[in-house]
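Protein chains: 2
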Amino acid sequence: MKKHNFGAGPSILPQEVFEQSAQACLDYNGIGLSLLEISHRSKEFTAILEESISLIKSLLNVPDDYSILFLQGGANMQFNMIPYNILNEEETALFIETDIWSTRAEEETRLYGKTSIIASSKADQFKYIPKDFTVDKDAAYLHITSNNTIYGTEFFEDRDYGVPLVCDMSSDIFSRPVDVSKYHLIYAGAQKNLGCSGITLVIIKNEWLGRAKRAKSKMWDYSVYAKNNSLYNTPPVFTIYTCLLTLRWLNKLGGLQVMEQRNKAKAKLLYAEIDRNPLFTGHAAVEDRSRMNINFVTTHAEDEDKFLEFVKPYQIHGIKGYRTVGGFRASCYNALPIESVQVLVQAMQDFEKAR
Amino acid sequence: MKKHNFGAGPSILPQEVFEQSAQACLDYNGIGLSLLEISHRSKEFTAILEESISLIKSLLNVPDDYSILFLQGGANMQFNMIPYNILNEEETALFIETDIWSTRAEEETRLYGKTSIIASSKADQFKYIPKDFTVDKDAAYLHITSNNTIYGTEFFEDRDYGVPLVCDMSSDIFSRPVDVSKYHLIYAGAQKNLGCSGITLVIIKNEWLGRAKRAKSKMWDYSVYAKNNSLYNTPPVFTIYTCLLTLRWLNKLGGLQVMEQRNKAKAKLLYAEIDRNPLFTGHAAVEDRSRMNINFVTTHAEDEDKFLEFVKPYQIHGIKGYRTVGGFRASCYNALPIESVQVLVQAMQDFEKAR
Numbered sequence: 000m001k002k003h004n005f006g007a008g009p010s011i012l013p014q015e016v017f018e019q020s021a022q023a024c025l026d027y028n029g030i031g032l033s034l035l036e037i038s039h040r041s042k043e044f045t046a047i048l049e050e051s052i053s054l055i056k057s058l059l060n061v062p063d064d065y066s067i068l069f070l071q072g073g074a075n076m077q078f079n080m081i082p083y084n085i086l087n088e089e090e091t092a093l094f095i096e097t098d099i100w101s102t103r104a105e106e107e108t109r110l111y112g113k114t115s116i117i118a119s120s121k122a123d124q125f126k127y128i129p130k131d132f133t134v135d136k137d138a139a140y141l142h143i144t145s146n147n148t149i150y151g152t153e154f155f156e157d158r159d160y161g162v163p164l165v166c167d168m169s170s171d172i173f174s175r176p177v178d179v180s181k182y183h184l185i186y187a188g189a190q191k192n193l194g195c196s197g198i199t200l201v202i203i204k205n206e207w208l209g210r211a212k213r214a215k216s217k218m219w220d221y222s223v224y225a226k227n228n229s230l231y232n233t234p235p236v237f238t239i240y241t242c243l244l245t246l247r248w249l250n251k252l253g254g255l256q257v258m259e260q261r262n263k264a265k266a267k268l269l270y271a272e273i274d275r276n277p278l279f280t281g282h283a284a285v286e287d288r289s290r291m292n293i294n295f296v297t298t299h300a301e302d303e304d305k306f307l308e309f310v311k312p313y314q315i316h317g318i319k320g321y322r323t324v325g326g327f328r329a330s331c332y333n334a335l336p337i338e339s340v341q342v343l344v345q346a347m348q349d350f351e352k353a354r
Numbered sequence: 000m001k002k003h004n005f006g007a008g009p010s011i012l013p014q015e016v017f018e019q020s021a022q023a024c025l026d027y028n029g030i031g032l033s034l035l036e037i038s039h040r041s042k043e044f045t046a047i048l049e050e051s052i053s054l055i056k057s058l059l060n061v062p063d064d065y066s067i068l069f070l071q072g073g074a075n076m077q078f079n080m081i082p083y084n085i086l087n088e089e090e091t092a093l094f095i096e097t098d099i100w101s102t103r104a105e106e107e108t109r110l111y112g113k114t115s116i117i118a119s120s121k122a123d124q125f126k127y128i129p130k131d132f133t134v135d136k137d138a139a140y141l142h143i144t145s146n147n148t149i150y151g152t153e154f155f156e157d158r159d160y161g162v163p164l165v166c167d168m169s170s171d172i173f174s175r176p177v178d179v180s181k182y183h184l185i186y187a188g189a190q191k192n193l194g195c196s197g198i199t200l201v202i203i204k205n206e207w208l209g210r211a212k213r214a215k216s217k218m219w220d221y222s223v224y225a226k227n228n229s230l231y232n233t234p235p236v237f238t239i240y241t242c243l244l245t246l247r248w249l250n251k252l253g254g255l256q257v258m259e260q261r262n263k264a265k266a267k268l269l270y271a272e273i274d275r276n277p278l279f280t281g282h283a284a285v286e287d288r289s290r291m292n293i294n295f296v297t298t299h300a301e302d303e304d305k306f307l308e309f310v311k312p313y314q315i316h317g318i319k320g321y322r323t324v325g326g327f328r329a330s331c332y333n334a335l336p337i338e339s340v341q342v343l344v345q346a347m348q349d350f351e352k353a354r
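Residue numbers (numbering that gives the first Met the number 0), protein chains in the order written: chain A, 0 to 354; chain B, 0 to 354.
By construction, these hints were calculated from the structure, which means they are not laboratory data. Errors might be hidden in some of the hints.
If several chains are the same, the list does not tell them apart, and a pair holds so long as it fits within one copy or across any two.
Claimed, not checked - With a straight-line cut-off of 27 Å between C-alpha atoms, the simulated DSSO-like cross-links for lysine-lysine are: (1) Lys204 with Lys126; (2) Lys136 with Lys121; (3) Lys352 with Lys2; (4) Lys121 with Lys204; (5) Lys56 with Lys42; (6) Lys121 with Lys215; (7) Lys217 with Lys204; (8) Lys212 with Lys130; (9) Lys226 with Lys136; (10) Lys113 with Lys215; (11) Lys204 with Lys181; (12) Lys181 with Lys311.
Using the sequences and the accompanying hints, generate a full structural model.
Dropping the structure here:
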């Protein structure tokens with residue numbers, strides 16, 4: 000029996016992605032070969048890569064002066080690659096600290112130039128997205144994390160901050176329409192809304208290719224990926240195919256506006272129950288609540304383990320909160336059906352009655 | 000109908016790996032979740048990682064003072080990561096140049112310290128493995144590429160060169176028993192003998208962790224991988240599982256001595272036909288002929304396209320040679336059955352008769 004997968008990532012993908020991936024492992028499109036054994040220079044993989052890039056461009060309405068790159072190493076690798084490629088030693092990168100991921104990004108950046116955390120909600124358990132801060136217009140860029148998986152907050156607005164903007168969208172990319180033109184660089188590990196783990200998407204404004212003047216290693220140079228259409232070295236063929244299948248599903252459903260409506264509906268349903276049910280309390284400030292990662296705790300400490308046990312017969316999986324927050328985290332990524340949220344809400348109501 | 004896949008990589012894996020990977024995409028071990036949606040912190044993936052490491056250790060008889068790391072980015076990424084982690088600026092790394100991959104490795108190393116190519120067969124189309132050279136015992140290490148995919152030569156001996164040895168075994172790892180103690184660092188992109196593309200294996204002597212004194216980015220620091228058992232960031236879960244399945248298959252067949260016998264038998268069969276058939280000529284020097292990549296050309300230039308066309312009804316796939324060499328490259332990695340080689344030999348004989 001299929002579980003309701005609320006895991007924070009690697010996370011649920013559409014059921015048809017699982018089925019089509021399985022078929023491709025056996026025989027890709029009837030060519031007599033598994034997708035796992037075909038060359039990254041084959042016409043089959045060339046078509047997979049081109050269609051993936053084309054769907055990303057159309058779904059996100061990416062302007063022409065941007066490049067779409069596929070890299071390995073996850074968002075963590077980008078914490079290094081961004082300053083390595085963009086920041087000159089004498090320049091400053093600004094950060095809004097909203098989670099441990101932005102902390103990591105800032106720490107890595109120190110190796111390459113100057114950094115400044117211009118706003119942080121760390122002292123208040125990252126419960127909100129800071130709103131009052133001053134942006135130094137001489138900075139090379141400002142880095143934000145649009146969705147914060149551990150603490151469940153999210154930026155919903157594509158703002159102009161007066162400096163080039165870099166955004167880690169690992170956990171909410173493709174969950175809503177985005178005005179890409181507001182960003183110089185967007186990056187995202189695939190394993191939430193895009194595909195299985197092992198690939199990272201980078202969308203970069205072409206004028207930023209080759210920006211930092213340091214001598215660069217080939218594999219750490221965005222220009223090399225841009226020039227070689229992400230084929231300078233062997234990419235993870237199967238992983239990129241799972242992205243293509245997910246993008247096709249997104250496109251077929253109607254794209255990002257439809258997806259945003261679905262995600263809003265799921266989040267509304269679950270937050271309503273958290274707010275109504277006296278046994279549960281939400282973590283994040285109401286105005287900054289993430290649609291992707293919905294974090295809540297039990298009002299009575301002793302209920303925490305009980306509720307985790309209680310939901311098991313409901314086939315609910317992956318709602319245990321991150322170790323630093325405790326409680327529960329219901330990740331409601333694109334592929335999670337609203338039926339799964341309904342089951343969780345039912346379990347919360349049944350728990351209340353049973354108490 | 001299943002093709003005979005002689006592709007150079009990503010390349011054939013055992014049929015049972017395709018089947019078990021497909022099943023895991025649908026439902027992993029009956030847990031009600033696809034392998035593509037499970038957490039890298041789950042007990043399921045922890046078991047996959049631990050069994051993979053354990054099988055690598057036992058199959059290669061890895062001494063206790065080595066670490067087994069899984070990284071992303073392929074061998075190309077290691078061309079940077081090795082000098083970044085090992086070579087101090089004032090030190091020298093030595094190279095034996097036997098293919099464009101060793102050239103790339105040497106070029107990247109220049110960013111981090113001094114380099115010296117102590118032997119090269121480049122001037123003679125990389126037809127042989129250089130044997131006469133002097134190793135400067137003050138060097139930090141010597142780098143070799145054990146198997147050369149494009150030109151079809153291979154080092155078969157685990158030699159002591161008097162300096163620490165680094166080896167790119169991307170295309171022949173697990174094809175024969177290896178005396179790991181002779182090497183300080185072995186690395187290999189998975190996509191030949193280990194699994195599907197998207198993961199790189201690094202086997203490093205512990206005393207080398209943290210060797211180079213430069214400040215390092217977390218994701219480019221072997222010590223971080225060693226300390227976190229390759230789980231500092233999200234690894235490619237599915238890709239590592241394909242490695243585990245391939246390692247299990249290897250183990251079940253009897254390990255690396257059995258594999259070496261199989262590979263010797265396949266290579267012997269095909270080289271014998273190349274040497275017998277007047278229409279074909281081998282590329283590499285006889286004493287350095289690779290068992291993994293068997294390169295040959297047609298004696299008459301006009302036969303090249305004809306033979307490529309001729310083999311199609313035999314369901315032979317992927318034998319076109321690399322663009323810089325031309326002719327044919329029959330890659331005979333571990334998972335290629337001897338029956339596929341027999342079919343190719345038959346096609347060569349039929350081609351001779353039909354001419």
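Here is how each hint holds up against the structure:
no. : hint               : in the structure
1   : Lys204 with Lys126 : neither (32 Å within a copy, 44 Å between copies)
2   : Lys136 with Lys121 : within (24 Å within a copy, 52 Å between copies)
3   : Lys352 with Lys2   : within (24 Å within a copy, 60 Å between copies)
4   : Lys121 with Lys204 : neither (31 Å within a copy, 39 Å between copies)
5   : Lys56 with Lys42   : within (21 Å within a copy, 37 Å between copies)
6   : Lys121 with Lys215 : between (34 Å within a copy, 26 Å between copies)
7   : Lys217 with Lys204 : both (19 Å within a copy, 26 Å between copies)
8   : Lys212 with Lys130 : neither (33 Å within a copy, 41 Å between copies)
9   : Lys226 with Lys136 : neither (31 Å within a copy, 40 Å between copies)
10  : Lys113 with Lys215 : both (19 Å within a copy, 16 Å between copies)
11  : Lys204 with Lys181 : within (10 Å within a copy, 47 Å between copies)
12  : Lys181 with Lys311 : neither (43 Å within a copy, 52 Å between copies)
The structure fails to meet hints 1, 4, 8, 9, 12 from the earlier list, while all remaining hints are met.
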